[in-house]
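Enquirer: These protein sequences, in sequence, are chains P and H. Add 1227 to a position in the first sequence, counting from 1, and you land on the number used in the working numbering. Add 1207 to a position in the second sequence, counting from 1, and you land on the number used in the working numbering.
Calculated directly from the structure, the hints in this document are not laboratory data.
Straight line, CA to CA, 30 Å or less: simulated DSBU-like cross-link-like pairs of lysine-lysine:
1) K1318/P / K1334/P
2) K1264/H / K1224/H
3) K1318/P / K1246/H
4) K1318/P / K1264/H
5) K1264/H / K1334/P
6) K1210/H / K1318/P
7) K1249/P / K1276/P
8) K1249/P / K1224/H
9) K1210/H / K1224/H
10) K1224/H / K1334/P
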Amino acid sequence: MPDLDTAFSALADPTRRAILAKLAEGEATVMELAQPFAMSQPAISRHLKVLEGAGLIVRRVEGTRRPCRLAPDAIRQIDQWLDMMRAALAKNYDRLDSVLAAMQSEKEQENE
Amino acid sequence: MNKLTLELAGDCHVIGKRRFAAPPEAVYRAHTEAELMQKWLFGPDGWSMPVCISEPKPGGRLRCEWSDGQGNGFYLTGEYIELEPYSRIVHVERMHLPDPTPDNRVETTFQPDGNGTLLTLRMTLPDEQARAAMLATGMEEGMEASYARLDKQIRR
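Whenever a hint applies, use it, and build me the whole structure from the sequences.
Expert: In C-alpha cells form, the structure reads like this:
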C-alpha cells in the first residue's frame, strides 16, 4: 500500500498531475510523455520517479523501453477516502440546513 | 448552489466548500454551541452524538462522542486555537479509534454570501494509518450495508 502522504505530495505538482492525466489514456514511454510538456527527458524521469515512489504509477521493462502506467490501487485508495468524507460531510451539511432554518424561524417568532 | 465540494489542495490538504441560506452568525453558532452541534454533526444515518463539550475560546476544550446505537462508537478530542466570532475558527482535533490519530489542524471560515454564508473548511489530510482507522469506524460499513440492501432488492 502506498503511503498516502507521499501520494498527495506527488499530486501537488501540476506537471505530475498532467502526467497522470496523460497516463489515464494508456501506457506511455518517457519520450512520449516528454513531448507535450516541452520538458527534457531527465526532467520527466525525475517526476516519474516521484510518482513511482508514491505508488501512483508502475513501470515495466520491455527491451530498452520502460513504459509507465497508472497504478489503479493508489488512485482508488485516495478516491475512496475522499468519497467517504464527502458522503459524511454532505449528510451533516444537509442536516445543518434544517437546523439553520429552525434557528431562523425561532428568531422570527421572538421578534414578533 | 448549495452542493458540497471537497477537493485536494496542494501537499496533504483537503478543502471543502458549502453554501448555506443563513447568515454567518447562525452558521458559526451551529459550529460552536454544543446543543446545536449535536443536531447535525454525526455523519451517516443511524449515528448520533450523545456527548458534546465545546468551549469556544482560545485553549477551550472540544469533545464529541459518537454512537451508532448498537454499541459501536468513537470519540474526538480537540482544542480551540483562534476564534473570530462569526467569521473564522481554527482548532486542532484528533480521533480516538481508540488510538488517537495525529493532530489535525482545521480552519473553518464563514463568509457572507448574499443572504447566506459560504463555509470553507481546510483540513490536514490524515496519514494512511489514520485514514484506515477512520474507514474502520463503521461509517463505511453503514454505506456498504445500504449498498448490500440495494443489491438484494435489485436481484429479487
